[in-house]
Amino acid sequence: MLDARLVVDRGSFRLDVALRIHPGEVVALLGPNGAGKTTALRALAGLTRLHAGHVTLAGRDLDRPGERRWTPTERRPIGVVFQDHLLFPHLTALENVAFGPRRRGLDRRRARAVAADWLDRMGLAAQARLKPRQLSGGQAQRVALARALAVEPALLLLDEPLAALDARTRLEVRAELQRHLAAHPGATLLVTHDPLDALVLADRLVVVEEGRVVQEGDAAGVTARPRTDYVARLVGLNLYRGHADGHTVLVGDGLPLTVAEPLHGDAFVAFPPSAVTLHPHQPARNPHNTWPATVTGVQRHGDHLRVQLVGPVEVAADVTPAAAAHLRLAPGQPLWVAVRVDETRSYPAGIDERRSTSPPVTRQGRQEP
Amino acid sequence: MRRVETTTRPVRRSGRTGRVPVALLAPAVLGLLFLVLPLAGLLARTPWNTLPQRLTAPGVLTALRLSVQTATLATLLCLVLGVPLAWLLARVEFPGRRLVRALVTVPLVLPPVVGGVALLLVFGRRGVVGGWLDATFGITLPFTTAGVVLAEAFVAMPFLVVAVEGALRSADVRYEEAAATLGAGRWTTFTHVTLPLVGPGIAAGAVLCWARALGEFGATITFAGNFPGRTQTMPLAVYLALETDPQAAIVLSLVLLAVSVAILASLRDRWVGT
Amino acid sequence: MTLRPRPRPGSRPRTARGLLAALAALVLTVTACGDATRPGAGGGSGSGGDLTVFAAASLTDVFTTIGRDFEAATPGVRVTFNFAGSSALATQIDQGAPADVLASAAPEPMRTVTDAGNADGSPTVFARNQLVIAVPEGNPRGVTGLADLTAPGMKVALCAAQVPCGTAARSVLDAAGVHLTPVTLEQDVRSALAKVRLGEVDAALVYRTDVRAADAEVDGVGFPESSGAVNDYPIVVLRNAPNLTAARAFVAYVATGPGRAALAAAGFQVP
Chain A
1 MLDARLVVDR GSFRLDVALR IHPGEVVALL GPNGAGKTTA LRALAGLTRL
51 HAGHVTLAGR DLDRPGERRW TPTERRPIGV VFQDHLLFPH LTALENVAFG
101 PRRRGLDRRR ARAVAADWLD RMGLAAQARL KPRQLSGGQA QRVALARALA
151 VEPALLLLDE PLAALDARTR LEVRAELQRH LAAHPGATLL VTHDPLDALV
201 LADRLVVVEE GRVVQEGDAA GVTARPRTDY VARLVGLNLY RGHADGHTVL
251 VGDGLPLTVA EPLHGDAFVA FPPSAVTLHP HQPARNPHNT WPATVTGVQR
301 HGDHLRVQLV GPVEVAADVT PAAAAHLRLA PGQPLWVAVR VDETRSYPAG
351 IDERRSTSPP VTRQGRQEP
Chain B
1 MRRVETTTRP VRRSGRTGRV PVALLAPAVL GLLFLVLPLA GLLARTPWNT
51 LPQRLTAPGV LTALRLSVQT ATLATLLCLV LGVPLAWLLA RVEFPGRRLV
101 RALVTVPLVL PPVVGGVALL LVFGRRGVVG GWLDATFGIT LPFTTAGVVL
151 AEAFVAMPFL VVAVEGALRS ADVRYEEAAA TLGAGRWTTF THVTLPLVGP
201 GIAAGAVLCW ARALGEFGAT ITFAGNFPGR TQTMPLAVYL ALETDPQAAI
251 VLSLVLLAVS VAILASLRDR WVGT
Chain C
1 MTLRPRPRPG SRPRTARGLL AALAALVLTV TACGDATRPG AGGGSGSGGD
51 LTVFAAASLT DVFTTIGRDF EAATPGVRVT FNFAGSSALA TQIDQGAPAD
101 VLASAAPEPM RTVTDAGNAD GSPTVFARNQ LVIAVPEGNP RGVTGLADLT
151 APGMKVALCA AQVPCGTAAR SVLDAAGVHL TPVTLEQDVR SALAKVRLGE
201 VDAALVYRTD VRAADAEVDG VGFPESSGAV NDYPIVVLRN APNLTAARAF
251 VAYVATGPGR AALAAAGFQV P
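These protein sequences, in sequence, are chains A, B and C.
Here the first sequence stands for residues 1 to 369, where the numbers follow my numbering.
Here the second sequence stands for residues 1 to 274, where the numbers follow my numbering.
Here the third sequence stands for residues 1 to 271, where the numbers follow my numbering.
Just chain A, same shape as in the assembly:
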């Protein structure tokens, strides 16, 4: 069980996040670059000194800055997998994995046995005698994982473990990582900016922006009800913040959106780009949720096209190639936007289940990563 509140001051940047991870649980720390994810990981590893807060791990008080108490990295029951594996170049794969057990008191023979066992589990028994430079990127990252797990850490920290790999290797290593994380009895914190990593590998997501937690929950909850532009962008939703009165939410400079779920007060409205249709003229049949807009960009997106538009609010729409040809889409072209009411989701913004510190959303998210 990890219980931590991490406060690190670095000039104008201040990290202040609270984390609780149960044994066997995998938590993904998700956020854009510069959000403080890696700083949080380094603070947990003792590589960056905590200025306030605390770190308690497996019943041990590791850091209490208030009592001027810190535990040096080498005395923490942790394992870390770094982005670019950082295997010691002068040691073989086996010696790299045996390094940790050896430091934790095993004699040379037993440490090597433990290491061989771990390499075997990773399917790398044949590579045991190779130096890191002779390994492929995926192999090296698996050796790095074995090295971190070989010390049986109470807390496993993964810092963008897949970021340095090419797309195909990432797929393989991700699957393997999932298997080993599921088997890992300790707590795991995965730092990533890739939502796919987070969704596949983690039991719970913690989203940080500008040093603060902006949203937290399981994958379904976070993806269904984004609370910041960043999360909306990650999950590919249009997101607006406004004021609700029953089925109508006023967003932007007073644009009324009709929503399926009635509510009152500050609210978020989210809908996928596929809920948006585009028309050359104002749709006569149903005047709800329509407004004039101008095309600013068109991109291929899977088997359809994603269209960016500006108007009273910005919005992204998905259209089929046939519809695009019919509309003769081009930047600068005026069109009418319609949003299907039954595909909108609305939820309160005022009372956050987390301490909501996110800036008010004024634009919508529109792109998947």
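Just so you know, these hints were derived from the structure itself, not from any lab.
One should not assume that every hint holds.
Calculated Cβ distances over 10 Å to all of chain A for the following chain B residues [what the hints assert, rightly or not]: (1) 27; (2) 49; (3) 179; (4) 261; (5) 262.
Derived, one-sided and incomplete: chain B residues facing chain C with beta-carbon distance under 10 Å [as the list claims (entries may be wrong)]: (6) 53; (7) 87; (8) 117; (9) 124; (10) 142; (11) 221; (12) 222; (13) 231; (14) 232; (15) 236; (16) 239.
Reference excerpt, derived from the structure (chain B facing chain A, CB under 7 Å, subset only) [what the hints assert, rightly or not]: (17) 40; (18) 174; (19) 175; (20) 176; (21) 178; (22) 180; (23) 181; (24) 182; (25) 183; (26) 184; (27) 185; (28) 193.
No residue lacks a Cβ here, since even glycine has one placed at the ideal position from N, Cα and C.
Given chain A, put chains B and C in place with the hints provided.
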């Protein structure tokens, strides 16, 4: 007559091929000539017919052996003291670090003979440390082989410290962090991770240091004096031979040169080469 | 390392100034050696212009004085000195260094120059020098003669046999039948003297003039055997002298003219 041997760092062989700009080639060739021509001058004036007798003359081998021994001991001393010093400068933040870094290089700019006098003022019979050593243990350093080692180490250590510090600063500290996350304390990290990582840098520094110690003249003759078999190293023998017998000086220089080139070349291939 | 049984407590350095002076002397000597080939600033012609004098290191002080006097007496001439070991000077001249005059501290280096045909006329002996035992001020170990130098624990510096003061020291020791093992064989007389000034040795065999130049920090102890190895200082005009007229005038000034007084004042015997 003094010489500072220069060793080149390992050259990566993936350089682009193609035309070499004359603006670079011309000064490069001139520079090479400038370094090599004096050597050719020595070779041209070598009395080849009397070479065997001169080489076997008493004192030549003694001086050579003493030179190699003292330069090696000085290098070991520099390694023992200089590598930790380089580590301190590269890895530990402390007030006045810039000043300390500058102080370390003082022997580089100090005329070696002044270095010798400075050593006398500290380790001499009336020096702060030397006087204490003499009064307490009856140990005197001037005019002893240990004095030669000390003088050579004083002059040569900056070469080692600067080379090793450079290697340490360019080495990725994240390897050391990785070692810490695996439970290695600072000392274990230093011996098991840092040292192997900067091994080539240390080897290069040691080679430079050894070469500088081998050619050391000014500090040695000032601090340790000149006595055959005890403190008379090759450079001192060369200098004194120049007084009466320039041809003998040329022969001695050639011997020193041959030995140092042979050792440096073999070391470079083994340790420093890629 | 030298290990001695219980030594007497070494005497403290008397003044920091003394040490600094010794340091300065050493630096001067060695930089003079290292920078010996500096040519005489182009070498003018006629009776005026630049005059380049190569002189033995032991003449540094007195020739500097004489040079100033000579410049005052001969308007238009500027004297440049190159002080170094006599043998080094001879080598430099044989290698074509543009010098006008050579003043050597011993006949042997002079002979290599005349033998090579680089002298204009034959050398004149203009000064003689005798060895004395240099001891720290006050003669703390009570040295009275050569025999005292072999006392146990006595540290003695000699010049190396390759330089004139070393040859002279060897010959007086041999003549006196004194078997002496020095701790060091210094590369020139000033270095040997510096070791006395710094307190690193208890005695050194050096020239009387050097002791006199060292002022109060060093005392000279004369000894009768020194007359057996009197050192002759020859001077000669060089054949390829760029400034022949001034060179001849300078040699005359030193050997027979007002230079004699300065030499005598410095402790030389003047013939």
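Cβ separation check - residue 179/B to all of chain A, threshold 10 Å = Answer for residue 179/B: violated, closest chain A Cβ roughly 7 Å.
Restraint satisfaction for residue 182/B [CB to CB of chain A, less than 7 Å] | Result: holds, 4 Å to nearest chain A Cβ.
Any CB of chain C closer than 10 Å to the CB of residue 231/B?
-> 7 Å, holds
Would you check whether residue 53/B satisfies its interface hint, that is, whether its CB is within less than 10 Å of any CB in chain C?
-> 18 Å, violated
Hey, does the residue 40/B contact hint survive, CB to chain A under 7 Å?
-> 42 Å, violated
Can residue 193/B be said to touch chain A, with a Cβ gap under 7 Å?
-> 6 Å, holds
Restraint outcome when residue 87/B is required to lie within 10 Å of chain C by C-beta distance | Where the cut-off is 10 Å and the nearest Cβ of chain C is about 29 Å from residue 87/B, the hint is violated.
Should the interface hint for residue 117/B be scored as holding, given a Cβ-Cβ cut-off of 10 Å against chain C?
-> Result: holds, 5 Å to nearest chain C Cβ.
Hold the hint about residue 232/B up to the distance rule: shortest CB distance to chain C must be less than 10 Å.
-> 8 Å, holds
Verify that the Cβ of residue 27/B lies farther than 10 Å from every Cβ atom of chain A, and report whether the claim holds or is violated.
-> 37 Å, holds
Restraint outcome when residue 176/B is required to lie within 7 Å of chain A by C-beta distance = Where the cut-off is 7 Å and the nearest Cβ of chain A is about 10 Å from residue 176/B, the hint is violated.
Is the interface hint for residue 221/B satisfied, with its Cβ closer than 10 Å to some Cβ of chain C?
-> It holds, given that the least Cβ distance between residue 221/B and chain C is near 6 Å, below 10 Å.
Checked against the numbered hints above, the structure breaks hints 3, 6, 7, 17 and 20 and satisfies the rest.
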